[in-house]
Structures are given as structure tokens and as C-alpha cells.
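The numbering of the sequence shown is our numbering, which starts it at 499 and goes up by one.
Calculated directly from the structure, the hints in this document are not laboratory data. Honestly, I wouldn't trust all of these hints.
[Claimed, not checked] No farther apart than 27 Å at their CA atoms in a straight line, the calculated lysine-lysine pairs in the DSS-like style are these:
#, residue 1, residue 2
1, K591, K612
2, K620, K662
3, K509, K628
4, K620, K599
5, K587, K612
6, K599, K586
7, K509, K591
8, K599, K509
9, K590, K614
10, K662, K509
Nothing here was measured: the structure is a model prediction, and the numbers come from that model.
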Amino acid sequence: MYIYNCIFTGKEVFSDAYQHQAEDDFVWIVEGKYEELSDPIFDESLFGEYNSEEESSVVSEYKPVVNTLIRAFRLEEPVTITSLNDFKKALKKYTVNLIAKLNDSNPDRVAVLKAKLPKYAKQWAETFDKIRVYVTEGDGFEVEGTLIILTQDVPFGEEKPNDKCRMTVLTDSLVKEKF
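Work out the full structure: start from the sequences and follow the hints.
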């Protein structure tokens, strides 16, 4: 099994346990989905029987729907990206940092980044209200690492079990590690 870690934070972004493919030799597209979370905290065996039938039905009806990628890799929505302008600033900062990192480790990829990123950045900006930006665990305030773009077929907030989603992340911002 391989884990793909953020080149800046060292934290997990995704693993090869999820269907993924390289696109344009520039980004990884990782397939995910939503599923009902069965939480043992509401299990009667832990707390005994419920006091009433009404109490039991209220608890048993609550089944949150969670994104498998976000949950598995503890991805966070950055609190500093709340608008398109914030996103553009974060993307610019991320790009500058990535270029500096690539200049040290893989200078040939800088030209690829400069040539291909504008296409993706334009697409993300044009559809900003239909994407969500995530970062690795613990990076939600500083946003020093990889920006992860999440898209899905249904509007955000209307997810149901088995709805599909896709995560897009620049290949050059990840390090592949055998687990």
C-alpha cells in the first residue's frame, strides 16, 4: 500500500486504497463517496436501554453522512479561505512555496507547473461556489501545505449515502511513501 503525503506538512492526503489516476501528468484525481456513519456512541449496549420509545427513535434516526476521503485522512477546511479572493491568495502563496520546493528538488517540474496550473486555477476560480478547499490535518489555520480541491455531483449540504466526490491535488505537492 502507498500513502501520498503532503510535501510540506508530511501529513497524509490519500492512499492507493482509493481509486485514483493521474490527469495531464499534473494532478491526481481521487474518487471518494459519502456513507452513513454508524457511531457506536449511540449503541444501547454501551449506555443501557433508552428511557422511552421516543428517545430510542430519535437517537436511532440520526445517521450523519460523511465523506470517506475527508474522514479517512482527517482533512480540514481552512478557516482562512472563506471567499474567492481568499482562495486566490492561498493558491498564490501555495504556488510560490511549491515552486521554491521544486527548484531545490526537481527543477524540470517548475516549467510544467507554470504551464499547467493556470488552466486548473481558472477552472477552480470559475466554479468556486461548487468546490470545497481542504488541507491536511492540523493545517486549517496556517495553510502552509497542499491545497486539496473537492468536487461532487450533488450540491454541498445535500449529500446522501453513495454520492460520489472527487479530490484533485497537484502531483508535485505529494510524496509517495510505501506503508
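Tell me the hint numbers this structure goes against, listed in increasing order. none
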